[in-house]
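2 protein chains.
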Amino acid sequence: MKIKELSYSSSANLGPGYDILSLSHRAFKDEVEIEENNTGKIRIFSDNTPEDPMKNTAGLSLIQLMKDRKIKSGIDITINKGVPVGLGLGSSGASSSAAVKAFNKMFDLNLTNDEMVYYSMYGEIAACGSAHPDNVSSGIYGGMTLITSTEPVRVRKIDIKYKPHLMLVIPDIKIEEKTKLARSMVPKNIDIKDMVRQTSRLSLMLLGFLNGERQAIRDGMNDEIVEKSRNGLFPFYGEIKSMAIDENAVSACISGAGPTILIFTDERTNKNGIISGTDEILGKYGLNYKIVETEIVEGY
Amino acid sequence: MKIKELSYSSSANLGPGYDILSLSHRAFKDEVEIEENNTGKIRIFSDNTPEDPMKNTAGLSLIQLMKDRKIKSGIDITINKGVPVGLGLGSSGASSSAAVKAFNKMFDLNLTNDEMVYYSMYGEIAACGSAHPDNVSSGIYGGMTLITSTEPVRVRKIDIKYKPHLMLVIPDIKIEEKTKLARSMVPKNIDIKDMVRQTSRLSLMLLGFLNGERQAIRDGMNDEIVEKSRNGLFPFYGEIKSMAIDENAVSACISGAGPTILIFTDERTNKNGIISGTDEILGKYGLNYKIVETEIVEGY
Chain D
62 MKIKELSYSS SANLGPGYDI LSLSHRAFKD EVEIEENNTG KIRIFSDNTP
112 EDPMKNTAGL SLIQLMKDRK IKSGIDITIN KGVPVGLGLG SSGASSSAAV
162 KAFNKMFDLN LTNDEMVYYS MYGEIAACGS AHPDNVSSGI YGGMTLITST
212 EPVRVRKIDI KYKPHLMLVI PDIKIEEKTK LARSMVPKNI DIKDMVRQTS
262 RLSLMLLGFL NGERQAIRDG MNDEIVEKSR NGLFPFYGEI KSMAIDENAV
312 SACISGAGPT ILIFTDERTN KNGIISGTDE ILGKYGLNYK IVETEIVEGY
Chain P
62 MKIKELSYSS SANLGPGYDI LSLSHRAFKD EVEIEENNTG KIRIFSDNTP
112 EDPMKNTAGL SLIQLMKDRK IKSGIDITIN KGVPVGLGLG SSGASSSAAV
162 KAFNKMFDLN LTNDEMVYYS MYGEIAACGS AHPDNVSSGI YGGMTLITST
212 EPVRVRKIDI KYKPHLMLVI PDIKIEEKTK LARSMVPKNI DIKDMVRQTS
262 RLSLMLLGFL NGERQAIRDG MNDEIVEKSR NGLFPFYGEI KSMAIDENAV
312 SACISGAGPT ILIFTDERTN KNGIISGTDE ILGKYGLNYK IVETEIVEGY
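If you're matching them up, the sequences are chains D and P in order.
In this text, residue positions in the first sequence follow the numbering used here: the first is 62, and each later residue adds one.
In this text, residue positions in the second sequence follow the numbering used here: the first is 62, and each later residue adds one.
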């Protein structure tokens, strides 16, 4: 029996929601197919991810799950990786969560969503040396998710009333060990006044999404702690955000650990203006880029 | 012409909402009546607040407002102060906001709510040496309020769907310069991990109030930054909260800068258990106290 599952790309953080919020979008997807084999081993078939299960996000997740559930079986994992790696689009979380969903179905494990997030996280260890549930929560729940606890892993889906369209500005930058580097730039200590401002903006942004208020999202989605600390890595971000706001985007933020920029748009936004403005700004930095227009994925 | 306005007591912070959230309740109220006099001076009549306008929260607020609006008039301000002082119940904000509302009406100033919050804040300078909009925002808006900006002052009313009953446990403690002391105990720098946990809990608590979810409020209304830092001032708080949770309260927090404890209850809560539990705990600390049961004030 073959079972195929997919997980979409996602953007973690959303400005003031560092390490707690994530949003699924239809821009890219990973498809993972699993099938039992009679070798007793996990084998990975993929054109563009590591075939060593111990170095593969999906492989690591299933190894841990099989260990905990005492399932001894050979498994072929075929990964059709569509989410590009290293761009802040939740690539590692996508293949591991798709693999966990498929495995859960194949062996009738009846895992809860949070258990699936937990196992999918093991994949993150392969990708960036540490595990964090934000992107993988998107791959399991879809929509907008809030991490309410990491030990144990607990996730809340947020039923948002305002669903803007999305534009992903994806600069062609590859940074060695980017996630690790980007995380190391975040200050370890925060001034209490900055924390108060951050909590205020986060609250306003959440109100905006929950009540369907454009202006509240616009005013709230600003982060002078984490995004600011990464300015050296993504010096073009401030200019692009400011240009997008001028073109009446709802708001913009760095997608996960970057370099992708997530722009929220609606019918009032001058999208052509953003496209030409991006070209001008990234041209100045000598960067190639792609722009992908997409939508929020509500669920799986 | 005499104009009378009132403002109710309030509780700022609500656990993880330090310096951004506040909630109005019907437990106590200040009534302020103003009337023009022909002395050209501001005179204050009150049994239990300073009669020097420069030391009186309502007086300071009206002085600033008259200065900005170039209103030269004698004003008698009669304050019937019902909100007890120094207990974390928004006492200073109550009389200043009531005075500003009355003055706004008398002179047809058409101040916006945020302008009224701004002027009411001047009263806080008299009360605690610095101005903060949280409690005064309650006196102007009612219900639950979010401070979205301090310069300029911007406040958002939060339309909450879940409206628990309230119990105020008011220990009979007078602490000299309590608000200043309580603020000085809050750490100046916060570990980023603590900030992430705080933002996660705050988000969950807001979801709970907005969506009407008891358990989300219960899980979210926990603060290990500000409340923890004030443990030395209110060593009984942890025990009372834990006892209240055991008696199935929705949650509990320190009201403003304390010492009052705000307990959220509903039909599932064993209120008699909380009453006797409080007696036992505060008895151990040799403290007299009052318990007031009350409701949220939705607006003015």
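A few of these clues could be false.
Because identical chains share one entry, a pair is satisfied inside a single copy or across any pair of copies.
[Said to hold, decoys possible] Derived DSS-like pairs (lysine-lysine); straight-line CA-CA distance at most 25 angstroms: (1) 351 to 133; (2) 345 to 90; (3) 166 to 102; (4) 351 to 65; (5) 351 to 241; (6) 239 to 166.
By construction, these hints were calculated from the structure, which means they are not laboratory data.
Q) Should residue 239 paired with residue 166 be assigned to within, between, both, or neither, using CA atoms and 25 angstroms as the limit? A) neither (33 angstroms within a copy, 59 angstroms between copies)
Q.
Reference check for the pair residue 351 and residue 133, CA-CA at most 25 angstroms: within, between, both, or neither?
A. neither (43 angstroms within a copy, 63 angstroms between copies)
Q | Identical-chain pair category, residue 351 with residue 65, by Cα at 25 angstroms | A | For residue 351 and residue 65, neither the intra-copy (29 angstroms) nor the inter-copy (63 angstroms) Cα distance is at most 25 angstroms.
Q) Between copies, within a copy, both or neither: which fits residue 351 and residue 241 at Cα up to 25 angstroms? A) within (24 angstroms within a copy, 53 angstroms between copies)
(Q) I want to check one pair: residue 345 and residue 90. Are their C-alpha atoms no more than 25 angstroms apart within a copy, between two copies, both, or neither? (A) Answer is neither; intra-copy 31 angstroms and inter-copy 61 angstroms both fail.
Q. Taking 25 angstroms as the upper bound on the Cα-Cα distance, should residue 166 and residue 102 be classified as within, between, both, or neither?
A. within (19 angstroms within a copy, 80 angstroms between copies)
Hint violations for this structure: numbers 1, 2, 4 and 6, all remaining hints satisfied.
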